[in-house]
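Chain A is fixed; fit chain B onto it per the hints.
Given next are the chains, with one letter for each unit.
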Amino acid sequence: MAEKKIVKVDAPKTGCVACMPRTMEIPLGPQHPALKEPEHFLLEVEGEVIVNATPRIGYVHRGIEKLAETKTYSQNLTLVERVCGICSHIHSISLVNATETALGLEGFKPPERAEYIRTIVSELERIHSHILWFGVAAHEIGFDTLFMLSWRDRELTMDILEDISGNRVNYAINEVGGTRRDLSEKQIARMNKYMDITIKRLKRYTEICLKEDTIRLRTQGIGVLLPSTAKKLCAVGPTARASGLKIDIRYDDPYNAYAGPLRDIFNVITYDTNDVFSRVVVRLLEIIEACKYVKWLLANLPDGPVFIKPPRKVPEAHVLSRTEAPRGELIHYLWSNNTNKPYRLKITTPTLANILSVAEMLKGDYIADSTITLASIDPCFSCEDRIITIINKDRRKAKVDNLTMDQLRKYSREWHAKNKRWKK
Amino acid sequence: MLALWAQWLLLVLGILFFPGIAFCISLALFDEWVDRKFYAALQDRIGPLHTGFKGIAQPLADFIKLLSNEDIEPSAADKWGMRIMAIFGLAVPLVLLLFVPIINTTGIISFEGDLLLLSFLTTLLALVIFLAGWFSANRLAMPGTMRAASQLLSFEIPILLAMFSVAMRTGELSVAGIVNWQMVHHRPVMFSLPMFMFLIIYLLATQAELERTPFDIPVAETEIVGGWEVEYSGKKLAFFRLGADLQMIYSVGIATSLFLGGPIGVEMWIPSFADWLASSASLSNPNGILWIAVIRMAYYVLIFAIKTTLLVLALSTFRALMARIRIDQFLEFSWKWLIPVSLGLMIFSIFWVPWLDNTLWVKFEGLFPTGGGT
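Chains A and B, in that order, give the protein sequences.
For the first sequence, position 45 matches number 56 in my numbering, and the numbering has no gaps at all.
For the second sequence, position 128 matches number 867 in my numbering, and the numbering has no gaps at all.
Pulled out of the complex, with its shape left as it was, chain B reads as follows:
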């Protein structure tokens, strides 16, 4: 076992660099590039091209350029409110990302019941956006703020229902517990019909949370000129933009952990590979082999990056396919369709799924060497 100061040093380094802030920002900027390139390809455009290899450094260049831009604050606005909200807009997604398992089956911060804290923090993001629009005291920001508030709050419910359905299905209330459940049961949560529907509902609600087409109603450019973020420029806008990228990574990262098995890849079905990975050195297993630990870390990061990027591609396909709907049509869709459907699905999954899953799963048991029932 390492000394206490070394454990603390590792924790701080972890938060600052590798699975923490620096790595998450790099992954967020990479996924923004993937999103922009793919979106451009769907529209028969080229997308970012000149900065770095095929424009891969363009999101970073945009961020740095925005930081250097002039920061204008309207005289009527609550200036300190705007500044603090910009910082919150970046800090809250960063905090959220510490809970997502990336290099391990547990996140940097992990405890029993952290799913509850995550649900609270995501709602906090909606409040940050609401206050950000409110403080900027702009005539166009006000309708954007109101639209953002009603949209984000009405789409929190399906997200929470999806998250807690997974918790009920697995009987775990922490992200790490759910990832471990999938490891132990040799299948991702997604491999059952109601849970797959919940994944789709979660992605749909994520699209609304991230304010992307067809749910970009609060920031509609042609209607209300960017909505709540209309008065933000320079550093503050850069913070919000990066915060949005990080929020995207967090949302798809949590979807990966809850539905797709997190950073666990094929070792779910290859027990010898899983044993080999488990023989690596770690804080809990100091007698393990060190170079396997490095491979294990790289492997988990790779699997996590692949899964999140695939989900980001799904989100950008969705973005390219539709027109923006109106706020009343959106609320109707949300309250009359999505929320009742997710509630019904939740009840359905409580009573039916354990039985149905077992019956179905036993039939496919032979497909995978270690597959077993619940």
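Extracted from the complex, chain A is given alone in its bound form:
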């Protein structure tokens, strides 16, 4: 056996270009001006180009699912509306649909007029959410004029929502068994008028976006998500539709009024350039479509009551309720156990489904484009967090200490003995 030779190699001098690592890690978030909510993306960059992005979620865990188990179904509607600040109504629709499906085992059916009103409100919510996103995206690429003008036009929809529900954000119009408010003739006339104006304005913005050079320079060819990748990573909503996938829960698995004759005129918007520009166009066209649906629903609003008193207890069932939120597919999984409180409620928001896609989109982009790419999925990070993890300083090894109350007290006493100046 030959003797092993040990060759001593000098450590490379610092500053040697060839020995330096090729990539550099740049953190994006959790606190960043482009992110309205805390979220962390670790970007590996080569020069100005991002080669890899690792998302880390779980900064705003609020314990909503656990809290939902302690409240009645009616109270839970108020709770789940607070999951998201923008798409609040769609959460309550999901839960109310799940509850009514479980009640349907005992022959309960909500009135048709109530389902139409729910659908109208959810489409109005889609309009205001998409215009809000459009304004934010314009601000993200530094086009403040478009931001101001689009938010001015969003006020029309906000006014309608305030008119019919009394609130601008959390409408609280749903109730198990129907809706809390009815629409009057005056309100319907006003909505029709405002929808016409919104359609006109949005057509103008679509025209501008298709032609304006600086918008196209900043959005075309960045944040590319190929259809195959989008399918593999389970992208949902406008993000998937902008990659050319024809996915829409309103059409594929219709609920409420979408299951009725509205399905005949329903139009799934897709666009095929797969980049940020594609997402802008898809959302703008969806707003116009949503305005048309609202007008159709108002014209075909059935008569009858808007509320039927449901049974107090929900029979035992497992219900999976899928709805199309403005950001994509929203899943509420309800496990009822023949009481007036859910045994378990599981919520999966569309941002969670899209977070892997955005990590894929960031690859190959410039650092300057990372914010608009991130904004292009219309992220709502606070809605998606259902779990919290504590991660060590070296970011790679998870370390969770389970401490009992006594251990925590002991730890606290020791810590304060060590750090005297914190004592008062």
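Derived by calculation from the structure, the hints in this document are not laboratory data.
Here the structure is a predicted model, which means the values were calculated and not measured.
The beta-carbon is built from N, C-alpha and C at its ideal position, and this holds for glycine as well.
Some clues are possibly wrong.
Unchecked claim - Using C-beta positions, here's what the derived DEER-type ranges look like:
| hint | chain 1 | residue 1 | chain 2 | residue 2 | range |
| --- | --- | --- | --- | --- | --- |
| 1 | B | Leu-1060 | A | Asn-63 | 35 to 43 Å |
| 2 | B | Leu-1060 | A | Glu-36 | 36 to 44 Å |
| 3 | A | Met-35 | B | Asp-783 | 38 to 46 Å |
| 4 | B | Asp-1067 | A | Thr-415 | 50 to 58 Å |
| 5 | B | Arg-822 | A | Ile-37 | 29 to 37 Å |
| 6 | A | Phe-277 | B | Phe-792 | 36 to 44 Å |
| 7 | B | Leu-1060 | A | Tyr-377 | 18 to 26 Å |
| 8 | A | Tyr-377 | B | Leu-863 | 25 to 33 Å |
| 9 | A | Ile-37 | B | Ile-1086 | 54 to 62 Å |
| 10 | A | Leu-221 | B | Asp-817 | 47 to 55 Å |
| 11 | B | Leu-1052 | A | Lys-357 | 53 to 61 Å |
| 12 | B | Thr-862 | A | Tyr-377 | 22 to 30 Å |
| 13 | A | Glu-80 | B | Ala-876 | 46 to 54 Å |
Stated by the list, open to error - Example chain B residues on the side facing chain A (calculated, C-beta under 10 Å, incomplete):
| hint | residue |
| --- | --- |
| 14 | Arg-784 |
| 15 | Asp-817 |
| 16 | Gly-820 |
| 17 | Pro-882 |
| 18 | Thr-961 |
| 19 | Ile-963 |
| 20 | Val-964 |
| 21 | Gly-965 |
| 22 | Ala-1059 |
| 23 | Arg-1063 |
| 24 | Asp-1067 |
| 25 | Gln-1068 |
| 26 | Leu-1070 |
Frame of chain A; chain B shown alone:
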């Protein structure tokens, strides 16, 4: 002729108050208000409203409020560097403004070849911004500093080309000389096609110099949180803000002098009016009439303010119309398009314009009573 001490007193008063520091700061704050109001109107907003008549005192109120704010200096930063750069950021535009003719056809400081000094001082401003970002030792200020350096340096070239094309066209190397050339030839420099293109190039480059949309890349709020000025607060930020306003006034003021005839208005075409204005008292003409001197001063200030404000309106329209472009797209635009175009235009204007201008101008000669060829 006045006594020597009186001349000196007038000079010092001029620098401190009337066409100098106090007046320029007032004009800068007024133009910031005009800019904000007009920008707001383009975006269907109201803009500043409560301080003074329709919010006219809002820029001043903002400045005073910023002065009173807490001044935070990061421990890692070069503190004296930051302080000195803030002072430079205000002082350099003030010095530049002394060269701009406002109440007279000459600035407070004027000598043959001051255009060269101006081109040097504007480049100094880019250096001040670069060092200001460098000294603040912030992770977000660094990319902003680098972007500012590459942007300002690449847009210095079109500005210099525009300025020296005017100098070549008129054969003068001082601001006062160029203004006088326009007076003598009864037309602004702008009234010829290549020079008009140079005015547009100058305004475009000015927009980049002032770091306003679509060229607000070094201070992009949504990308790098304000870029090089991220660590500046309180008095230092107030100085930089006022310095930016003054720089805007200087840039449009020089554009006015070089292309639009400076403070000279309609007397360019009405010789009797020009003679009447020239009959006023001045240091060189002590036998003139004093009250005409006052009217002449007020008239020149008014014309200057109108012209600069119109250019500021053009700049704010441009600001409202576009999205911010990326730094690589910006550099491509600058080096591949703007600089070659201005160079080509410069060569074009050397060989063609004297001939073309004369031919065209002679045709329109009859329009104005005293119009004449070069």
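Next item on the list: Tell me, in ascending order, the numbers of any earlier hints that this structure violates.
Entry: Going through the list in order, the structure violates hints 6, 9, 15, 16, 26 and respects the others.
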